[in-house]
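Q: Two chains, two separate frames, one set of hints: put the complex together.
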Amino acid sequence: MDTNLTISKGIFVYKTKNIADYKRKDGTDNVFADQLWYQSFKSVWTKVEQKIEILNDEMFTGLLKNLVDSVKSSFNEKVTEVPTKTLLTGINMPDHVALFSTLCKEIKKSVTPHIAVLHTEHCSTLKNLVESAVDQFVNKVHSYESDGDELKSKIRKTYCTFAFLQAWYESLHGSTNSKRKTRSVAQPLVIIIPDFENFNEKSLQDFILIISSYLNVLPIILIFGIATSVNAIHRSLPFHVSSKINIQVFNTQPSHLYLNRIIESVLLTEDCPFHIGGKVFQCFTDIFLYYDLSVQRFIKNFKYAMLEHYSAHSIMALCTFSHKVNRVVEQLSDDDLAAVKSLQSVRDHIEGSDNFEETLIQGVQHFYSYLSMFHLYLKCLHSLVHSLPNCPLGKQVRELYSTATSGEITQSEGYIEAFKLLGFHSKQELTEKVSGMCLILEDHDGDEIQDVLAQLQEHLVKLEDATTEVAEEPKLGGELMLSEKMNRLQLKQKLRELTRAPKQLSNYDKARAALIQYLQDVFDKYLRHPSSVPFYELFFFNNLSIRQVLLGSHRSAIHTALNNPSYYFHCDCCKLTDDGRISASMPDISILYKLHLEYGKLINLYDWLQAFVTIVDPYIDSGEEDAENRPVSPEVHARFIQGVADLEFLGFIKSYKRKTHVVRLTWGG
Amino acid sequence: MSYNIRKRLKNVVVESDEEEKDFEESASDYSPSESESASSSSELENSSSESDNSSHVESSKKLPTKFRQDEDHTYIIKSDDYFSNCTKKKAVTSNNKFTDVDTSRLEQGKLQDLLSSYNVTVKHNKQLKQVAVENRDQFSKWLYILKEGFNVLLYGLGSKIKILNEFREKCLGNLPVLVVDGFFPNLSIKDIVTGIVNDILELSDNPTNVYEACDVIINKMSSRRNLCFYMIVHNIEGEPLKNQQTQTLLSKLAAVPNIHIVASIDHISAPLIWVNTQLSKFNFVWYNVTSFLPYLRETSFEESSIVQQPKALVLSSLNNVFMSLTSKTKDIYLIMVKYQLEHGKAKHYKGFAFKKLYGVCKEGFLVSTDLALRSQLTEFVDHEMVKIKRSNDGVEYLVIPIDNNVLQQFVDKHSKE
Chain B
1 MDTNLTISKG IFVYKTKNIA DYKRKDGTDN VFADQLWYQS FKSVWTKVEQ
51 KIEILNDEMF TGLLKNLVDS VKSSFNEKVT EVPTKTLLTG INMPDHVALF
101 STLCKEIKKS VTPHIAVLHT EHCSTLKNLV ESAVDQFVNK VHSYESDGDE
151 LKSKIRKTYC TFAFLQAWYE SLHGSTNSKR KTRSVAQPLV IIIPDFENFN
201 EKSLQDFILI ISSYLNVLPI ILIFGIATSV NAIHRSLPFH VSSKINIQVF
251 NTQPSHLYLN RIIESVLLTE DCPFHIGGKV FQCFTDIFLY YDLSVQRFIK
301 NFKYAMLEHY SAHSIMALCT FSHKVNRVVE QLSDDDLAAV KSLQSVRDHI
351 EGSDNFEETL IQGVQHFYSY LSMFHLYLKC LHSLVHSLPN CPLGKQVREL
401 YSTATSGEIT QSEGYIEAFK LLGFHSKQEL TEKVSGMCLI LEDHDGDEIQ
451 DVLAQLQEHL VKLEDATTEV AEEPKLGGEL MLSEKMNRLQ LKQKLRELTR
501 APKQLSNYDK ARAALIQYLQ DVFDKYLRHP SSVPFYELFF FNNLSIRQVL
551 LGSHRSAIHT ALNNPSYYFH CDCCKLTDDG RISASMPDIS ILYKLHLEYG
601 KLINLYDWLQ AFVTIVDPYI DSGEEDAENR PVSPEVHARF IQGVADLEFL
651 GFIKSYKRKT HVVRLTWGG
Chain C
1 MSYNIRKRLK NVVVESDEEE KDFEESASDY SPSESESASS SSELENSSSE
51 SDNSSHVESS KKLPTKFRQD EDHTYIIKSD DYFSNCTKKK AVTSNNKFTD
101 VDTSRLEQGK LQDLLSSYNV TVKHNKQLKQ VAVENRDQFS KWLYILKEGF
151 NVLLYGLGSK IKILNEFREK CLGNLPVLVV DGFFPNLSIK DIVTGIVNDI
201 LELSDNPTNV YEACDVIINK MSSRRNLCFY MIVHNIEGEP LKNQQTQTLL
251 SKLAAVPNIH IVASIDHISA PLIWVNTQLS KFNFVWYNVT SFLPYLRETS
301 FEESSIVQQP KALVLSSLNN VFMSLTSKTK DIYLIMVKYQ LEHGKAKHYK
351 GFAFKKLYGV CKEGFLVSTD LALRSQLTEF VDHEMVKIKR SNDGVEYLVI
401 PIDNNVLQQF VDKHSKE
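Residue numbers (full-length UniProt numbering), protein chains in the order written: chain B, 1 to 669; chain C, 1 to 417.
With the rest of the complex left out, here is chain C (with noise of 0.2 Å):
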């Protein structure tokens, strides 16, 4: 409760005096009365009975201090919560469908039109600006902190693309920088060591073991001390490098003294894919940069999110593939399509026995053999518009893997052709 209260009285400071309050922070550090147990209103003493002195609060600025004094809050899981929450047996939401509503359909690239014209942080403008500026005022001091053989890591909500970018921009403009997009699906360690290999350190040769690649590595910098190269890997604990091996790796770049590596985590669960001893190796001093920007390129990746699967694309590039069949062949896929449509919502649906469908398509005088459809299939498989399943009972199955109301637009456009 405590807790409550100071912050309170920490916003009356801060609302009562802008300079007070920058003062404040910067004057802490040598004020003996200021310490953790300090009651709240002596907080307050400490910053008007000080103001006075506020010569050294000037001299000061070209100095990188600057801890964010108002961390002092801890989370704590209460426990009762799992209860009320995960006790019931069975989870009941309503029938509603998110698909009815009829905007529902957007693609990636109206949402991102969308998303730029409404300005996301008009909410607050000011405070962001606010919020990035406090942020960015710590530049010097994480230059300072990477030269002494810490390694910094940045967290918080909110992107950190764009004070990263900032970053490399103003500090490190003329010296050589890796960007690692940690969120990037197809990244492998390979890919990274690759790049110090070959394009920071220009080697002609590069081991294709990895863990050889990396003891070039090391060897190269450790006998070049006057060289140093900077890694800035947005989301370390992105999904293709979140396995043990590549962190290890990273580790081992990141003990040695002259690579430095500025780092961010997003994900609520990220700091615990270290263990000890690659912790260790990391050194990393973290820094809260919460910036509340929404994290629009990371999740522009991201092929699970349900909501936002770019379905026209998938649409265009269903009907680019149409477009050049054959005639029969379109009269195949779309028997397929229709049969899916209708059974489709079943139960157990298993998918189009391949008896079946061959007989279906023998009637309608498409194909004449076994064969000749199944030389069909292939072409749909290769472009993913058909998978093959085999049941327990051998039977094969065939099933289009997109979405029916998908498949409903596409039937709508061609069976009217």
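This is chain B alone, in the form it adopts within the complex (with noise of 0.2 Å):
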């Protein structure tokens, strides 16, 4: 059936032609690149490609200035011992591929030319330690360009030591030995490890006492990644080689922070039309939160919930920037008209029109600004709720963007719950939190918001105003009514009743649950569930079945299909009314593996192999005594032999040391 069925070797090539045909031609383009939904999804996914990287440079050159800058001025002074920088990186290690190209860049840029990044597995010995770091310092001066006559000029790997970077070095600046004084101009040699613990702790000592020997020639800067905490280095490096090294630590921060960052700066604005909903968007921060915290990772998956949402249908290229909506409307064909009519958010809230086309391209304007309005308004939200005691809607921005995404927030009970706290705040601290919000509002024109904050800054001089007094009458009114003579029990009923009559209010509190009130309509007003706005599905994705595409389900894949084949089969034979059932129609191996569950430990073959006849080989003839000694049909005998050997390849079973048993591997159905 395939033309690979040697079984002497375990690598096939497949090749028409020669490599230096393959040029260009088939070039690495998308097999939907013509497609219009594909172009939107490009344009909306470099946009937020670029500006994710824009962030990082910014994050990170923030945050490894002050290592930069130690950098450069390791070697002003005189040294005896290796400058060391230990960076502090966090366990989520995918994420630190962008941290160290960029620390490399900013060295790279305002310190030094030299630098050699060491990874783990070019560095198993001492030997392919130096070489490999002194091969990136030698070679690097030259551009890698890996045809025939550049290969020439590089160094041989086995020529690299460190008596020839000293050769080189001298070469390049000078000998340091003679002109001492000049040493803080020249061009310091960094050599980064940025996964500390996963190197060879050997190989890392003798590297460091090496080193240490010369630096009085070489100014040698080590730069350490580590995942855990200092404690690290002390672990791996014994005294007398830690006494060489002169450590200084470095923080970065969090990734959960730097999630939220790109959550609230890249995805959750503008730029990004496309939009994941409430359930999708918490599964990805749980994947996040739960599994690696790796940043990486959840713009992979978000890219991912991009490409299923735009391959889903043609239609899926009205999610684009708002400028580009016309055009891509012009494009659509009549079909695809039809769909966008189907859509339940636009048949439910749009009647039949003559033009549906300018309707659609209102529709979709409209939804840009609802999607604004959205983001400014859950920002808003944002700084009214997030310091609140026991935080009922989440301290962080996704957090509320993902509860107004799987519901209405304005009835979520966290939303409720937030806002009768907000109706306890004291005149200062409600102050400053509605300013805060109407700082934000600030940064954005629109006749709209320009309304809302005029409102909001009436609200907060009244607020000014307003004094804790209450109206003096309905006091009196109550001192009367106790001063009257009564008995204990009288006085107890009256004092209940009292707590019971609404309490006075002052201006204050007036003026306050007036604030409130109007917080409310314009919550109300703004943050409603995007799915009551036509065209919803256009923008938001929301299907959560990408969990198992993203995740796997292996598991529990294989398990139902040994337990339950009719899942997949679709069939009414194999359906079973409990899951212990077996029945003849089932596949081999489902039979073998629902009855290798019955067993303990061991398994005996023979018995194993007389429960599987039983089953598909029914002896239905009249002689009940030798059905026992029935001898097998071959048959039936090689699907047992098959399918017990299929459990074996999935790591059910294991072989025996005695030849008629197996183990099993696996407890539990």
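Note that these hints are calculated values from the structure, not bench results. Computed from a predicted structure; not experimentally measured. Cβ atoms here follow ideal geometry from the backbone N, Cα and C, with glycine treated the same way. Wrong hints could be hidden among the right ones.
What the hints assert, rightly or not - Here chain B is said to cover these stretches of chain C; the calculated rule only asks that three of the stretch's residues, wherever they fall, bring their Cβ under 8 Å from a Cβ of chain B: (1) 136-146; (2) 187-199; (3) 267-274; (4) 285-296.
To be verified - Covered stretches of chain C (chain B as the covering partner; in silico rule of three or more C-beta atoms under 8 Å from a C-beta of chain B): (5) 172-178; (6) 340-348; (7) 356-364.
A: Right, dumping it as structure tokens:
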């Protein structure tokens, strides 16, 4: 059935022409590159990617400023120990690539062109380590083109020793020994080890000793990336080594802050018309928080959701930037328009109109303005509620977003709770918060926003003027009532009634209530659930099946297939009333699997085979006694053997020292 | 429990109309009411209520989207099972012997013949085809995803060789492809890297160090953006590939934007082999391609599978070597075989002591010196017909590493001659 049915090798190459002929022709374009929706996707994704890159650079540069500065000044004074910077990076390893590449860029820009980055896999032995480090210093100067003639100028790796490095460095910068004074001018050699914990301790110790002996001729700086704690250095380097290095510790920010920044300033803005719905968003943040704390993974998941969303239908091309909508609508076919018409949100909210294209353009534009308002007011709400005790709505904008897109946020428990708490705020606290909200609003133009802003400021003034004094009269009435003579029981009754009577509101209370009412009205208006706005489906991705695709459910898929094959077959014959039953119509492997569940740790192959035979090849004839000794047909036998081999291949069983048995490797069905 | 209900309802929907099912799958992407928490009844309504707008279903056919909607099942381990299964001190089984079945001596070749004559899929041929078609429908989507920097990982019960071969033939016909059989026992990462450097990229120098070779590949690929090649890795978790070093290298290759990997896994613990960093570099998208096909090729390499040890092979090779021996040597070997058959069942059988063998052989005038016997034994050892073990007290024991029932057949044949 296939061409590679040889059993003598494990690698097969399929190629129809020489590698040189593959140039250009079979370019790396996507199969759907000519589709409208793909172009929309590409433009949105490129924009998002760019913004993330800019943000990364900004963020890391800020973080690494201290580190770079200290690298710059390390050799200003005479040093006796190797200057060592440790960067506490946190355990989100996949993100470190971006961090260290920014670090390299920064050092190259402002300190020195001599950088070597050492990865674990290159440095299993001291020899490899030295070679790899020196090689990077010496050969980095030449550009890394892999064409033949360029390779010649490269220095062979076997020549890469420290003596060679010294000669090279002196030829470049002049001997440092002779003119010690000018050393600060010279460019230091920076060695970066991004993954300190994984490094071979032994060779690293020797390496550091070698470096320290060369320190008077070669200005070398070490930078370690440590995922756990500074302790790791002391654990892997004994005293005689660690005394040779001068450690300085730098911190980076934890990755969840990084994620928040990406979410707030890239994903939840107008620059990204594509949005993920509450459930999926929740799923992604869960993956982030409970699996790997990797922002890269989050971004990749987001990208996959985008791919999934755009490829769902050609009408998703509409999910693009607002200035491109007109062009997209022009290119849509009639079928596409019909499809847009049949979207749930469109059917619910828009009556049939003659010029649907016009309605479509307007509707989509309306959705953009809705979205920008949605984000703006989400931030406003966040500024109000993020510091409330117990955080009923969460501390982060992302939590608010997730609530707001999974259901009506204004009806949610947390929201009601939050506003109740706001209602207890003192004048100062409330004024602070509302002014904070005003600051956010001030950054944005638009009549509606200015209107809201004006109203808020009006409320603030009222709040400022309001006193906490309570009007006098009702108080008097109360006292009067109490002054009458009454017995203990009556007094008790009276007091109880008084507590029940509505509390007298002060002016401040009234102003506060009015403000909060106004705020609620505003949020009611702008923080509606997106699905209540037409064309929602074009912009929101809400399919939670994506979880299976991103995380995989390997074990459960196998489990289901073995236990309940009808799940995949959609057939009647294998449908089971309860999980323990076995029917002959099931695939052999399922039957064998179910039979093997009935055994303990060891399975006797003979018994297993007999049980298998009774199911797949039941003996119907009358001769009951010799049923046991009936020879097994070779066909059934072969099926049994293959099934057992399959189960072994899957890892359910393994062979046992007694050849008649196999061992179960799992427990439980 | 709700899963059961949902599943049952789903089946009802599926049976009712094949097309409607098709529709439900594609439509759910835009129906707002479709959510995970939606009750099972609403799912039914959903599919029926939207049956009027079938237009966009047809238009979406060319598009790659297809989620297997029916995968909301989760696998939950019941911890009680552990105690019911593993706390028993000794596993009790019956004394029946598998070798008692007279057909137990099935050979590899015969096994394959039997299996191919019996159509394994006969039970659900139609459904299996349906499942295969559904899986095949995803090809264009895989291509689409691969080009965007993701790699594809296939899982689910059943051999995936067929579907991966189909994918290669249909979609990657003209492109350079490297197919790796991860289940092939003698495979090494060196083979893979060499395959890429020599055969795919046609580079003249191939560094001996795999890491350097890997760097060469990465440099080459990143300097030529318009070039791309695919790697199809059957069983990326296979025995020869599952060590950390190999996986790190593979993940480094996978992270290169113009190297695309389509891999498959089968072993139930396969996902455990990757660490965080590797997974992030692999950037897998997981697709379930359950096919129920038997693992014919994959298992044909398995040495340990006691069930299908190719005994005929052992026997015939034993015979072949035996025939080429001198008559005296033959006799020596027969002595050893008979001794092992006689005493091999003893509880602490150590083997045939060398001294003892020498004594027996001397008696039969087979050898005259200790040295001569040794040189005969070397021949046996070279052909792996005998193993020499040294016990704690320094005595050499000779053991024949072949199953007793094979030896019995061997003796039956040769003692008559």
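Q: Could you tell me which of the numbered hints above are not met by this structure, giving the numbers in increasing order?
A: 6, 7
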